[in-house]
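Residue numbers (this note's numbering), protein chains in the order written: chain V, 34 to 576; chain R, 74 to 541.
Since the hints were derived computationally from the structure, they do not count as laboratory data.
Restricting the straight-line Cα-Cα distance to at most 20 Å, the calculated cross-link-like pairs of lysine to any residue (SDA-like) are: (1) 90/R - 498/V; (2) 98/R - 498/V; (3) 90/R - 503/V.
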Amino acid sequence: MINFETSPEQYKHWKLTFDGAVATLSMDVQEDETLAEGYKLKLNSYDLGVDIELSDAVQRLRFEHPEVRCVVVTSLKPRIFCAGANIYMLGTSQHGFKVNFCKFTNETRCAIEDASRHSGQRYVAALNGTASGGGYELAIACDEIYLVDDAVSAVSLPEVPLLGVLPGTGGLTRLVDKRKVRRDRADVFSTLAEGLKAKRAKEWGLIDGSFPTSKFQEGIGERVQKILDEAGESGAGRGIELHPLDVEVTADGREYRHVTLKYNREGRYADLTMRGPEAELPTGADEIGELGDSYWPLRAYREMDDALLHLRLNEPLIGLVLLHTEGEIENVLAVDKALVENRDHRLVREIILHVARVLRRLDLTAKSFFALVEPGSCFAGNLLELLLAADRGYMLNDPEQKVELALSELNAGALPMPNGLTRLQSRFLAEPERAEEVFEHAGRFDAEEADGAGLVTFAPDDLDWEDEIRVAVEERTSLSPDALTGMEASLRFAGPETTDTKIYGRLTAWQNWIFQRPNAVGPQGALTNYGKPTQPQFDFRRT
Amino acid sequence: MELYERIPNNVNLSEDKRLQRALEKWLPDYLDWWREMGPEGFQEKDVWLRTAVSVEPEGWAHFDYVRMPDYRWGIFLKPAERDARVGFGDNCGAPAYQEVPGEFRNPLRRIVVTQADTEPASVEQQRLLGQTCPSLYDLRNLFQVNVEEGRHLWAMVYLLHGYFGRDGRDEADALLERRSGNPDKPRILEAFNQPCDDWLNFFCFTMFTDRDGKYQLSALAESGFEPLARTCQFMLTEEAHHLFVGETGVGRVVRRTAQLMKENRNEDVRSLGGIPFDIIQRYFNYWYSYSLDLFGGEISSNAADFFAAGLKGRYQERKKYTEHLIKEDAFTLPVVEDGRLIERVVPMRNALNEVLRGEYVRDCVRALERWNKYIADEGVDHQLTLPSTRFHRHVGEYAGHFFDVDGSLIAEEEFERRRDEWLPAAEDRAYVRSLMHPVTEPGKIANWIAPPATGIKGKPFEFEYVRL
Chain V
34 MINFETSPEQ
44 YKHWKLTFDG
54 AVATLSMDVQ
64 EDETLAEGYK
74 LKLNSYDLGV
84 DIELSDAVQR
94 LRFEHPEVRC
104 VVVTSLKPRI
114 FCAGANIYML
124 GTSQHGFKVN
134 FCKFTNETRC
144 AIEDASRHSG
154 QRYVAALNGT
164 ASGGGYELAI
174 ACDEIYLVDD
184 AVSAVSLPEV
194 PLLGVLPGTG
204 GLTRLVDKRK
214 VRRDRADVFS
224 TLAEGLKAKR
234 AKEWGLIDGS
244 FPTSKFQEGI
254 GERVQKILDE
264 AGESGAGRGI
274 ELHPLDVEVT
284 ADGREYRHVT
294 LKYNREGRYA
304 DLTMRGPEAE
314 LPTGADEIGE
324 LGDSYWPLRA
334 YREMDDALLH
344 LRLNEPLIGL
354 VLLHTEGEIE
364 NVLAVDKALV
374 ENRDHRLVRE
384 IILHVARVLR
394 RLDLTAKSFF
404 ALVEPGSCFA
414 GNLLELLLAA
424 DRGYMLNDPE
434 QKVELALSEL
444 NAGALPMPNG
454 LTRLQSRFLA
464 EPERAEEVFE
474 HAGRFDAEEA
484 DGAGLVTFAP
494 DDLDWEDEIR
504 VAVEERTSLS
514 PDALTGMEAS
524 LRFAGPETTD
534 TKIYGRLTAW
544 QNWIFQRPNA
554 VGPQGALTNY
564 GKPTQPQFDF
574 RRT
Chain R
74 MELYERIPNN
84 VNLSEDKRLQ
94 RALEKWLPDY
104 LDWWREMGPE
114 GFQEKDVWLR
124 TAVSVEPEGW
134 AHFDYVRMPD
144 YRWGIFLKPA
154 ERDARVGFGD
164 NCGAPAYQEV
174 PGEFRNPLRR
184 IVVTQADTEP
194 ASVEQQRLLG
204 QTCPSLYDLR
214 NLFQVNVEEG
224 RHLWAMVYLL
234 HGYFGRDGRD
244 EADALLERRS
254 GNPDKPRILE
264 AFNQPCDDWL
274 NFFCFTMFTD
284 RDGKYQLSAL
294 AESGFEPLAR
304 TCQFMLTEEA
314 HHLFVGETGV
324 GRVVRRTAQL
334 MKENRNEDVR
344 SLGGIPFDII
354 QRYFNYWYSY
364 SLDLFGGEIS
374 SNAADFFAAG
384 LKGRYQERKK
394 YTEHLIKEDA
404 FTLPVVEDGR
414 LIERVVPMRN
424 ALNEVLRGEY
434 VRDCVRALER
444 WNKYIADEGV
454 DHQLTLPSTR
464 FHRHVGEYAG
474 HFFDVDGSLI
484 AEEEFERRRD
494 EWLPAAEDRA
504 YVRSLMHPVT
514 EPGKIANWIA
524 PPATGIKGKP
534 FEFEYVRL
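Given the sequences, and given the hints that come with them, work out the whole structure.
Quick look at the structure:
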């Protein structure tokens, strides 16, 4: 079982050091410390274990080190920055694992960009050696890229010419979309296995600058200082510590403080329950700071994040997740009110950004989600987003019992989807005024109002409820998992494209297709034959 | 009176809140439908009817006078067997489904709705026939068939209400909204949109079209979805009477024509007020071919899926067959390709509609032989026939092609040229209609049909089966 929790003391592959407002994140992959058997992590190549540490570091920098304004990403291996995802690891992995590995690494790179955009932590890639494939894709997720000019080191995306697959972490999209490299040059670069060295890479916009080996540290230092000067004083105050989640794991599920994940393996579905906050949590920024990582929204969504990752990587046979909430709506709304009122406070802002990221993780999870709104549930404010993120929402319509939904200001834009819209905007794309109308609705929504407003899919009454849910679950889990993944991904992200949606869309469509094709993974495929004396044999018919 | 006291049932209606609520809404709509679309002109008359009041041997055939709107439509399932199992398909041997498995909800609902739709449709088709009945005995049989088609609708609505949630309730409502022959909201199957406006049509319909129902119900009576199987098993006990009405009704018409021919060797049956064999033959060709369509396409992925899922078996699956998977078997049938008939081999599961149709054809041939014996018994030299199963088809492999009654492929022009030779023409229908005058005096019967061999339930033919 893959564990997603770690901390800097446990890192095997990264060193995280601090110098005032500058953090240095140095890659030093231990080649034998792999997550699975059958490959070695040579040349700073990575597997999921390496990326789980990177993801943890990016997260901790935001919560534990708010004083940091600039993060330098570099390598401790001489003349090698990073060789990207380990090819032998990919070659020996099941398809589903490859897909989820790529998705997770993409989420980590998007989190880097999120930290830069919203948390004022600028990332500088200091390429002290060659950055190939996923190595360059890590660099391109940073704000600025500097390459050592030693007449050897290069940046490259060798996936197409060497492996017959695509760069799987958004490299192609970011080349033309983020760095705005001219598409014909991007075409040349992406088919050139050895890549481009400093001079040409700079000319083509693949990097922001280069320094000779002897001046490299100094050059990076000057650049970092400039970023710090532009950023000004942080005035961020102390960070908070992210403690381990302390989860109780059983054969049937995972029990967290605010989250319960329970598997029904025979039925191939899981119940994922999020419990709302207690009453009368502190409402001031300082008190919230005192609570630190035990403050409900931070703790609960960290647990949710962990549960989602477990579902993805460790429970491939669970195809459907039933989302439940338990608690008092007014308590959730009180927390949302405190978050909104203190949103300019650094920690509170980080908490809101974190909630948004976890919800996007849910959006991007290749499982079906049905939200069940029942008595005692608290789908309100931030938790209403679970319902809106779900593929379907079922709400019990029973006049005898209190079953309600409620909105908060957080639903109005603080928790955007990967497409940049709120979930309400995405939901009501045809009638944008509807998204406004639900905010004008006075008070909470009972089942009929929620049904009328389009917030739920079905509102069966008490006599029908049990059977409707049973049949819906059985029907869903009987359908082709591949078709469902494609269908859900197509339906969830209506509206505009963003770099994020392009990356995940291309990944799920093109890369996953190529990963299944004989030209990549067949006996004579390029991925299969990489590192062997035999040459790949392609079926040259274009589709 | 509580709802569950008004509705005889063995489905524990008094405890089933969901079913009660659904039926409370549906029952008034059903009665409105019956008053509007049920037998025209006889709603307030006493009819000597059989009512099922329980599933016990003495209970399901209770005879008494009753006004049709007061008929106690009940909900009856054959009592459950212990440890029922799925009897065929990929899940053969697994415990039978007591609830609708979610993954089969939509196909099962389609099966139930399609079957259910035929029940009210036939009542609608026959609603004017009472006004031209050949005898009180036949009038009573017509109404018996009608109320039992109504009860079969109830049986299917029970399944929709009990097992298909809100979608099921919506479908149950829609069953009362469609109308036979209405171009805007027709019944689902074409045979149930054909007019049935004279008694020869009625007898042919109950002979040929209701007989499709027997085979569909038999296949569903094998279903691994136990409530459906048990519902259909009980319906089959009633269906037998409808088939009896059809087969003996056609037989009595045939016998009467043979009698008239024997008594008047040199005269046209028409001049004697009988129905000549050529018209009877054309009615057969018409109803038989439309009824064959009801079995669905000869090569059908639905049939294969339903069998694989254990939802719809073969005729007498458990009794007749020992091998219930039929994964390897193949079936050969003629299909049209490049303008000629060639043999095609398809997997057996895909041919199960055709297999069921084969059972039906054999049953029809058996009845035909009996009628031909009546003719021979009268010393008349004539043989009625059934056309080829390819003739005049609108569903399946042969639809869109043209065949003569022997099954030879012919051009459309030839078919159209000979249409009136094979299928009832307007003047045939007009002639038959001209014979349709009500005979309502006890013991009397119209000239174009022979009286039955016996009455109903030990009563003589002269019994006042309907009090007018």
